[in-house]
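Please model the complete structure; the sequences and the hints are all you need to start from.
For the record, the sequence lines run as chains R and U.
Here this note's numbering is used: the first residue of the first sequence is 155, the next is one more, and so on.
Here this note's numbering is used: the first residue of the second sequence is 155, the next is one more, and so on.
Calculated from the structure, these hints are not laboratory results.
Heads up, some of the hints might be wrong.
Since the list gives no way to pick out one identical chain from another, each pair is judged satisfied if it fits inside one copy or across any two copies.
[Stated by the list, open to error] The list that follows gives simulated cross-link-like pairs (lysine to any residue, SDA-like), each with its CA atoms no further than 25 Å apart:
#1 264 - 233
#2 349 - 387
#3 445 - 228
#4 264 - 234
#5 349 - 463
#6 349 - 473
#7 366 - 356
#8 366 - 458
#9 264 - 231
#10 264 - 232
#11 219 - 233
#12 189 - 222
#13 445 - 411
#14 219 - 181
#15 445 - 388
#16 445 - 314
#17 376 - 172
#18 264 - 230
#19 264 - 436
#20 264 - 332
#21 189 - 212
#22 349 - 418
#23 376 - 257
#24 264 - 236
#25 189 - 167
Number of protein chains: 2
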Amino acid sequence: MPNDAMPMHRFSREQIEAFMARCFAASGLPDDDAKSVAMMMAEADMLGKDSHGIFRLPGYIGRIKAGGFNATPNMTVDREFAATALLNGDNGMGHLVVKKAADMAIEKAKTAGVGWVGLHHSNHAGAASVYSNMALEHNMIGLYVAVGSANHLPPWGGTEMLLSTNPIAVSIPGDQENAIILDMATTVTSYGKVKVYAQRGMEMPEGWMINKDGTPLTDASKSDTGFLLPIGGPKGYGLAVIFGILGGTLNGANFGRNVVDMNSDPSSVTNTGQFYLAINIEAFIDPADFKREIDDVIRQMRSSPTLAGFDRVRLPGESAHTAYADRTANGVPLPEPLVNNLAGVAADLGVDELG
Amino acid sequence: MPNDAMPMHRFSREQIEAFMARCFAASGLPDDDAKSVAMMMAEADMLGKDSHGIFRLPGYIGRIKAGGFNATPNMTVDREFAATALLNGDNGMGHLVVKKAADMAIEKAKTAGVGWVGLHHSNHAGAASVYSNMALEHNMIGLYVAVGSANHLPPWGGTEMLLSTNPIAVSIPGDQENAIILDMATTVTSYGKVKVYAQRGMEMPEGWMINKDGTPLTDASKSDTGFLLPIGGPKGYGLAVIFGILGGTLNGANFGRNVVDMNSDPSSVTNTGQFYLAINIEAFIDPADFKREIDDVIRQMRSSPTLAGFDRVRLPGESAHTAYADRTANGVPLPEPLVNNLAGVAADLGVDELG
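This is the structure we're talking about:
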C-alpha cells in the first residue's frame, strides 16, 4: 500500500494514541471516551488498516465541530431478549457505540451461547476487525457487519448508488497460530482504500471501480465520478443488500437511498446501523480443542502447494498480523501529507502536535 | 440454464414429490421421513435449483444402498444453551437434519431473539434456500451455511483443493413484495451447476473454473481435472474458510483435508457440518414495519436506472420466484437423460415410474 515515492514518518502506537486522545478531549468528548476512541483508532493503524485509523482523525474532528457527532451520547437499550439487544447509539461516535455492542453481545453469549446486538443512530466506527477481535480473549468468535457511511455501489446492473461497501469482519481464535481475521468489504476494494490511493497519488488497478458508462476508472482522484464494483458481480451485490438490511433496516437505521454521505455532509445525523454477533465456542465444542483444530486448518492451508505466480498461501488476517508486528517494532508509518494535516488539526484545537 | 437442444419433459410438483417419496420409502426411510425429504427436494426444483432437486435422486438412492446414509437416524442434542444447540445428525439425510435444526433455531429465536443450531454428522441437504425460507412464515430471517460435500476449491494462490463451495442462504420477508432470497456459493459458480452443464453437454463460460496450471477450464465434462474459482479472489476464499469453520470445525464436523467427497465415495460417513440461524424480527423492530421497509428497499433497487447492457435491476431471489411461478403453472422441466435415469431408479427399486 505505501507508495515508495511518498515520504513516510513513523510514530509509535503510544504517540498516535495519545495525540488522538488529546484531539478528541479538546473537541468535547469526556476523557474516558476520548481515550477509548483513540485506542480503537490506533488499533486500526496497528492492524495495517491505514484508511481507517488516524487517517480519519481530521474528518472525525471536523464532524464533531460541525455537530454531526454527539460528543456526549446517552446510549439506551430499546429492546432486549435473552440473546439480543437493540441499542440506540444516540449519534455518538461509532467506535463507542460498537464497543458497547461488542461488550453486550459477549456478555449475552456467555449464558445464551450467542449474543447479537443491533445498532441504530450509531456512526462510522473505523476498522471492522478492531471489533470482531474483541471476542477472541473470551474464547468467542466475533462477527461484525456495518452499513457503510456513504453509497458508492449501485445494485448489480444499475447506475444509482443505493448501496455502500457494507463490510464484514470475523475473528476466529487459534491456539499457537494467530487468529484468522477476515475483514472485507463486499466490494472489490473499500472506498477508504480508494481515498488512500487518491491521497498518495497512486493509480488504481482495473476492476476496482467503473465510470458511469461502464468503462474502467483508475484515477483515484476522480473516484466521485464513478462507482465501486461488488465481488462476484451479483453475489457481492446480494451480500451488500443482506448486510445492509441486517445492519440497517432491521435496526431502524438508514439503508439505501436515505444513507447520509458522512464525507460530503458533516453535520446531519447519519443514523448508521451495524450489528455485532458473539459466538461462544463452548456452546458447541471445547474451546481448547477448537483452537487446536483451527491451528490444523491454518497449517493445512499454509503448507499447501502454490499456483504459478504465488509465493505462498496466506490466511485471512495474515497481513494484519504482519503489520501489527512491524508497527509494534518500528512504529506506524504515516505519509507526509497526513502528518501535515494532523499538525493543522493540533493547531486548530490548541493541543500538542503528534510526536 | 436449460439447453434448447436438449429435449425437456415437464412434471408437476406433486408428481416429482410423490415419485421421490416412493423411492426413499422403498430404500428404507420411514414413510414420514421419505415424504419430508421428497418435499424439500421438490421445493428445490420449484425454486429453480435444478442441480439440487430431483437431479440428485439417483445419487442419494445409491448412497443409501451403499450404506453412506443412515436411513433411520436417531438425532440427539449434544449441547444446549438458551439460544443455541449442537445437534448430532446421526448420519441421516441432510434434509432431515437441517430441517430439524431450522425448527429448533426458530423455536429458540422466539424467546431468545436469535437461535443458532450447529450440526455434525449431517449430510448434503440440497438447496440452501429451501431451509432459509423456513423462517419467513414465523416473521423471522433465516440464514443457513453448509460445508460443501466435496472439495473443489483450493485456498487463494494454492492448488490443493482443501475447500468446498461452502454456500450461504439468507431469506428476508417482504410485505407485498416477494422475499429477498440470497442463495449463493462462495465460488463463482456451484459445482452442482457444473454437473448440470456436463450432463447437458454445455460449455462453461471462462471465469468459473481453471485448470491446475491456471488456464481457463470450460469443458464441464472435464471438471474433475481443475478447480472452481472463489468470488472476489482472496475475499471469496476468506468467506469459504469462515463458513467452513462455522459450519464444520465449530460443530466437530469435517472441514479441510478430511472432507469426504460424497460423489466419489458412496459409503463413508461424511460428517457434514452446517448451521442454521433464525433471527426474530420482533427482537429488533415491529415485523409489519420491517416488511414494509423491505418492500421499499426492493422498490428502490428495482426502479433504479440500469447500466448499459442490462434490461433491469433484479433483487436476490427474483429468478427463484420466477421459476416458482412458472413451475407451479407449467410443471418442472426435466431433461430427457435425467428422466431416463429416474426410470432406471424406479425399476431398480420396484416402484412406479415418475408420472
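Cross-check of the supplied hints:
no.: 1; hint: 264 - 233; in the structure: both (19 Å within a copy, 14 Å between copies)
no.: 2; hint: 349 - 387; in the structure: both (22 Å within a copy, 22 Å between copies)
no.: 3; hint: 445 - 228; in the structure: neither (38 Å within a copy, 29 Å between copies)
no.: 4; hint: 264 - 234; in the structure: both (16 Å within a copy, 12 Å between copies)
no.: 5; hint: 349 - 463; in the structure: neither (28 Å within a copy, 29 Å between copies)
no.: 6; hint: 349 - 473; in the structure: within (20 Å within a copy, 36 Å between copies)
no.: 7; hint: 366 - 356; in the structure: within (21 Å within a copy, 34 Å between copies)
no.: 8; hint: 366 - 458; in the structure: between (41 Å within a copy, 14 Å between copies)
no.: 9; hint: 264 - 231; in the structure: both (19 Å within a copy, 19 Å between copies)
no.: 10; hint: 264 - 232; in the structure: both (21 Å within a copy, 18 Å between copies)
no.: 11; hint: 219 - 233; in the structure: neither (31 Å within a copy, 51 Å between copies)
no.: 12; hint: 189 - 222; in the structure: within (20 Å within a copy, 58 Å between copies)
no.: 13; hint: 445 - 411; in the structure: between (42 Å within a copy, 17 Å between copies)
no.: 14; hint: 219 - 181; in the structure: within (7 Å within a copy, 72 Å between copies)
no.: 15; hint: 445 - 388; in the structure: between (34 Å within a copy, 23 Å between copies)
no.: 16; hint: 445 - 314; in the structure: between (44 Å within a copy, 23 Å between copies)
no.: 17; hint: 376 - 172; in the structure: neither (34 Å within a copy, 60 Å between copies)
no.: 18; hint: 264 - 230; in the structure: both (21 Å within a copy, 23 Å between copies)
no.: 19; hint: 264 - 436; in the structure: both (9 Å within a copy, 22 Å between copies)
no.: 20; hint: 264 - 332; in the structure: within (23 Å within a copy, 37 Å between copies)
no.: 21; hint: 189 - 212; in the structure: within (16 Å within a copy, 63 Å between copies)
no.: 22; hint: 349 - 418; in the structure: within (13 Å within a copy, 49 Å between copies)
no.: 23; hint: 376 - 257; in the structure: neither (40 Å within a copy, 51 Å between copies)
no.: 24; hint: 264 - 236; in the structure: both (11 Å within a copy, 10 Å between copies)
no.: 25; hint: 189 - 167; in the structure: within (13 Å within a copy, 62 Å between copies)
Of the numbered hints given earlier, the model fails hints 3, 5, 11, 17, 23; all others are met.
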